[in-house]
Structure formats: structure tokens, C-alpha cells
Amino acid sequence: MRDPAPAAVRLDAPAAQRLDDRRRPHSRLSRTPNTMAEKSTVSAHTAQSAGAFELKTSSFTLPVIRLFDADLEALALRLGAKVEKAPDFFRHTPVVIDLSELVKRQLTIALAPLIGLLRSYGMIPVGVRGGTREHAAAAEALELAVLRDAPTRRNAVASSTPAEPKTSAAPPKPIGPLTIADHPPTQQSDSAFMLITKPVRSGQRIYAAGGDLSIVAQVSSGAELMADGNIHVYGTLRGRALAGMSGNLEARIFCHDLQAELISIAGNYRVSEGIPSELRRVPVQVFLDHNILRIEKL
Amino acid sequence: MARIIVITSGKGGVGKTTTAAALSMGLAQRGKRTVVIDFDVGLRNLDLIMGCERRVVYDFINVINNESTLNQALIRDKRCDSLYILPASQTRDKDALHKDGVERVLTELADNYDFIVCDSPAGIEHGAYMAMYFADDAIVVTNPEVSSVRDSDRMLGILSSRSKRAETGQEPVREYLLLTRYDPLRVANGAMLSVDDVQDILSLRLLGVIPESKAVLSASNAGIPVILDRESDAGQAYGDMVARYLGDDVPHRFLHPEKKGLFSRIFKG
Chain A
30 MRDPAPAAVR LDAPAAQRLD DRRRPHSRLS RTPNTMAEKS TVSAHTAQSA
80 GAFELKTSSF TLPVIRLFDA DLEALALRLG AKVEKAPDFF RHTPVVIDLS
130 ELVKRQLTIA LAPLIGLLRS YGMIPVGVRG GTREHAAAAE ALELAVLRDA
180 PTRRNAVASS TPAEPKTSAA PPKPIGPLTI ADHPPTQQSD SAFMLITKPV
230 RSGQRIYAAG GDLSIVAQVS SGAELMADGN IHVYGTLRGR ALAGMSGNLE
280 ARIFCHDLQA ELISIAGNYR VSEGIPSELR RVPVQVFLDH NILRIEKL
Chain B
674 MARIIVITSG KGGVGKTTTA AALSMGLAQR GKRTVVIDFD VGLRNLDLIM
724 GCERRVVYDF INVINNESTL NQALIRDKRC DSLYILPASQ TRDKDALHKD
774 GVERVLTELA DNYDFIVCDS PAGIEHGAYM AMYFADDAIV VTNPEVSSVR
824 DSDRMLGILS SRSKRAETGQ EPVREYLLLT RYDPLRVANG AMLSVDDVQD
874 ILSLRLLGVI PESKAVLSAS NAGIPVILDR ESDAGQAYGD MVARYLGDDV
924 PHRFLHPEKK GLFSRIFKG
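For the record, the sequence lines run as chains A and B.
Be aware that the first sequence starts at 30, since it is given in the working numbering, and climbs by one per residue.
Be aware that the second sequence starts at 674, since it is given in the working numbering, and climbs by one per residue.
With the rest of the complex left out, here is chain A:
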């Protein structure tokens, strides 16, 4: 067997991608890939046919095929070897094609044969991301979704459009309607790190886009902290804290005195009632352990 081009393809198995992104341009909720939580009910209550269906957004973890080479033959060989090892894994598996590396290397690829190749291995290509405008047009012609770029580029996108409401990074379902506050004094960071030295009062929202949020003051009940990274509170935390907003399962919440109304990491949340009393009013860290939210004394 001929040795294929070195690393012609790489499978990012657990990288997630949202399927429904571009299809619903009005959805403000679907900007964050990776979150496991169901986001919110969009219009179930308003439609007359309320009983007929329910429109919801939810996220899925999909394999992403990142292409490093436009050579289809090499790709076919390499992929064939992968599929041979674990045929069940690929059978009827929706996959996303990531073209960003190809664009960087100024290579171009014909999508139609690539799709055919993937289908021949039993995969169901559902969308592309990171391609050029031509790629996007080709994908649309093939009835594939054009998905957002990887989260690493979110920052740039976010900071260039500050007027856009930050509700995009929506917290999990039960608090959805409440967080879209009348005129939230949301603060946004330009850098990946954000430091707040004044008390965060009831009704205030702070979102550290793309990074960590540190607070060296108290956080009142009714206040809301959000960060794509970790959240540190060196004071009493009485409000809500949502870390890993863009789906970072490694994000943690550290706090000096936990009296929070709600804590959440990457959409896995727990309300005040669910926090054992021995973990309240003590320094703790909150993290995900196999998708289960854990609170541990520090």
C-alpha cells in the first residue's frame, strides 16, 4: 500500500459543530458551538399551531474532518484506512468538513467528489466550515450547511460588532427568558481576560468573551456573570455564574464564598437548591467531571 501524503486528513472526533447555524439567521442563540445544553424554545408558545410542533435549538457533537491537502486520492487512501479500523464509528455518522487549513495553504478542492467519497464510506456530510466564498456557494449548491468558523475566531467577530446583543451566548433553558433583561448593563471585554473590581449588583450582567473573568468584589443575587473561560470570584458569589459559555468543558468556577443562585459550566447547571449546604459559604471550585457538575471545597 502506498503511503499517503503525510497527514492528509485529520479527524477531530469530539469537536462539535452546530448544524443549524446559518439556516436560521435570526436565531441569537446559536452562536456558541459545543454546548451540550438545549438552548431555548423559540416560538412554541406563539404559534397558533402550538400543539403541532415545538421549535427548539439543541447542539450536537459531531466529528470534523479537517483537510490539509486537496489531493482526493491521498485522502481516500488515508480515510479508507481509518474507516477500516472502525467501520461502525463512521456508518451513518454526520460529519462536518473543515476547509480552513486548505484556505490557509491557498489550496482549493472540488466539493462534489469529496462529498461522494465521504458518502461512499457511509458518512453523512452535513456541512462545511472555514471555506472561501466559492466553497460556501458550492456547499449550498450541494445542499450542505455552511457553518460558523471555529470558536477561536469568535473573539474577532464579536469585538468587531459590539452592537450585537450578547445574549447569543445564552445560558441554559430555565433562565433563558429572565436573562434577556430590559437594558442590561452588560460589560464586554476587548481582551481575553476581564477584571472587575467593583461589586456586581443585582441586574447587572458581565460577559467575558473569549476568556476568563475575575471579580475581586461581591456579586449580588440577581447579577449574572458569564465567561467563555473560567470565572473567579474573590468575594461572596450570590448571583449566577456561567463559565465555559462557548462550550469549553474544561472551564471552572472558583469562588471564595459560594451562595450562588445558579452555577453552570458549558451548559451543565445547578441551581441554589441543588447545592449542598456544607458547600455553601466556603471557598469552592466547580468543574465538570465527565459532564457532571461537581463542586469541591478548596
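Treat the hints as calculated values from the structure; they're not laboratory data.
As the structure is a computational prediction, the values presented were derived from the model and not from experiment.
Keep in mind that a hint or two might mislead.
[Claimed, not checked] Below 30 Å or equal to it, Euclidean Cα-Cα: the simulated DSSO-like pairs (lysine-lysine) are:
#, chain 1, residue 1, chain 2, residue 2
1, B, K837, A, K227
2, A, K111, A, K133
3, B, K837, B, K767
4, B, K837, B, K751
5, A, K227, B, K772
6, B, K705, B, K751
Let chain A serve as the given structure and place chain B on it in line with the hints.
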């Protein structure tokens, strides 16, 4: 240049107008040229508490709309020469307040007075927003109960993000806490939040603790700011508050239930 003080709370019925009346009277009695403005358009109350309801001709909204001059609308207090009252309109609503008009009136007043006390309406809507927007200092009036504390906290958030000082990046509004309707007996029983409980949540500079007192209601009904009732505990507590606001170091009183001594038991009992 006058210092603008807003008396605010979020929640209604906690004692904002009583406090505005007491503070403005207290400042004026110390010789400070003071004007107190009622921002509660449509629910005019300050004139009643100040006892000048029979002398209202023009009001704040007339001045904003250039229907009268400021001097025509200002009512001089009969008890204290350096105190003026600018009443609210009872026939209009809060929408009659607009930022430019309020700013113009405040700027005009600022040249002639030392302190402008703004009595905010309850809520966090337009009227309350107008009252706090130009403030230099804020006195947040809070009752020792959880809903009042939370509303105050919300108000503090608005002050720190939506006031003119916050929006223009100046030194932030100085925030003070005033606890009113404090009942030391009920606090001792555990039926009411203590000063420490409230401070734990709000962590603000404590300007004063006004005890629950019958004197407040009777003073309001009589149209006399309670601070003039030097016999009453509430009047004295307001006096202390004014002194503290002006920088005096006055210890807090009325925080603990009165211990009845042997003599008082014998002679009063």
C-alpha cells in the same frame, strides 16, 4: 457649584421623601443653601411633607417647559431661609421629564445653591432614572427586609452603570446607605435583618440608621420634616445623618433595644 444628591431606593414606601425632607432641612439649618426637588411627577408628595402644599403655583415641569421661571416655581421654606422646594407636577406624568430640561434646571440651580436634593420616585423607570442621572452623591434608602435590600442593590447597579458620571467616565457617584424603619427589638428577636446583614449584602458606607418611630408619621401628617422634632429618636437620627454626610464623625445610635433601668421601670411603669 452645588452638589447634587439623589435620594433613591428602587422600592416604594421605604422613606425616600421623609429622608429628602429631613436631609434638605438639616443641611439648610446648618446654613447650606439647599433646594429639594420632587421628581415624583404625578404623585406629588414632598410639598405635603414639607408643609408647603398650599403655596404651590408653578412646578418643576412648568420650569422644564419654560412656562415659568425657576424663581416663580421655587417655594421658600417658612422655617428656614436657606431652604427652597421645587414641587412636582401633579397633573402630568413622568414622561414630561426629559434629560435636557432636567439638566438645564439643575445647571441653573447649581450656581446659587450648595446642595440640590433630588427626591426620586420609586421604581427604576424613567422618573427614577431622571432623578439619579445627574447625581454626584446617592443616598440609598433601605428598609431592613430582603426585598428592599435587593431593590436597593439593583438601584446601585444602575447608579454605577447608567448615571452621567458612569457614562462620561468621571469619578463614580458616591453611594451611601441609609437604613430606615429599623426596629432594634425585632432585630434582636431575629425577625428583622440587622445592620450587619444588610451591610453584608450591600457593603456601602452607612450614613445612618433611622429607627421605626411614630414621630415620622405624625410629622408627615403635620407637614413638618421629622428632623425638626428634636425630641424624637427619628429626628435625632436624621440629625446625626446630616452631620455624618457633612463629614462629622458621629457614632451610630438606636441600634440596640433600650435597656430599661430600674428607675425607668419604677417611674414609668
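A quick look at each hint next to the structure:
no.	hint	result
1	K837(B) with K227(A)	18 Å, holds
2	K111(A) with K133(A)	25 Å, holds
3	K837(B) with K767(B)	19 Å, holds
4	K837(B) with K751(B)	34 Å, violated
5	K227(A) with K772(B)	27 Å, holds
6	K705(B) with K751(B)	16 Å, holds
Of the hints listed earlier, the one the structure fails to meet is number 4.
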